[in-house]
Amino acid sequence: MSLPTMVLLALDRETSNTIIYAFEIVALILSIIMIIIGLLQNKKAQTGLSALNGGNDELFANSKERGLDRTLSIAMLSFGSGLLIITLIICLLTNVLL
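Per this note's numbering, residue 1 is the first one in the sequence shown, and the count goes up by one each step.
Don't read these hints as lab results, they were simulated from the structure. Accuracy of the hints is not assured; some may be wrong.
Computed Cβ-Cβ distance ranges for the label pairs, DEER-style [unchecked claim]:
| hint | residue 1 | residue 2 | range |
| --- | --- | --- | --- |
| 1 | Leu68 | Ile29 | 20 to 26 Å |
| 2 | Val26 | Arg70 | 22 to 28 Å |
| 3 | Leu39 | Ile85 | 20 to 26 Å |
| 4 | Glu24 | Leu77 | 18 to 24 Å |
| 5 | Asn17 | Leu88 | 17 to 23 Å |
| 6 | Thr71 | Asn17 | 35 to 41 Å |
From the three backbone atoms N, C-alpha and C, an ideal C-beta is built for every residue, glycine too.
Throw the hints in and build the complete structure from the sequences for me.
Right, here's the structure in full:
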């Protein structure tokens, strides 16, 4: 057994639950931030019905992201990656500690 595994197994149940709970709070905060960023982002299509009626209003429009839209897109990607990593850590800790 490696040293990190022995250290994790030496923790009592209350401490391990506290660690997992802290990671779950971080995941909750990241997901709330991602929802807020998603609401702030510029909408790509005018209406949801444009896909049904074949309307392609933005065919020749400049679709390159600039300014705040680009910043929000990068932030969404960063927080999404962070949420994925935190979720994997929670999964691993739950399987090792509990």
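Verification of the hints:
At about 22 Å, the CB distance of Leu68 to Ile29 agrees with the hint of 20 to 26 Å. Distance hint for Val26 and Arg70: a CB-CB separation of about 26 Å, consistent with the stated range 22 to 28 Å. Separated by about 23 Å at the C-beta atoms, Leu39 and Ile85 satisfy the suggested range of 20 to 26 Å. Remark: the range hint 18 to 24 Å for Glu24 to Leu77 is upheld by a beta-carbon distance near 22 Å.
The hinted window of 17 to 23 Å between Asn17 and Leu88 holds, with their beta carbons roughly 19 Å apart. The supplied range of 35 to 41 Å is met by Thr71 and Asn17, whose beta-carbon atoms lie about 37 Å from each other.
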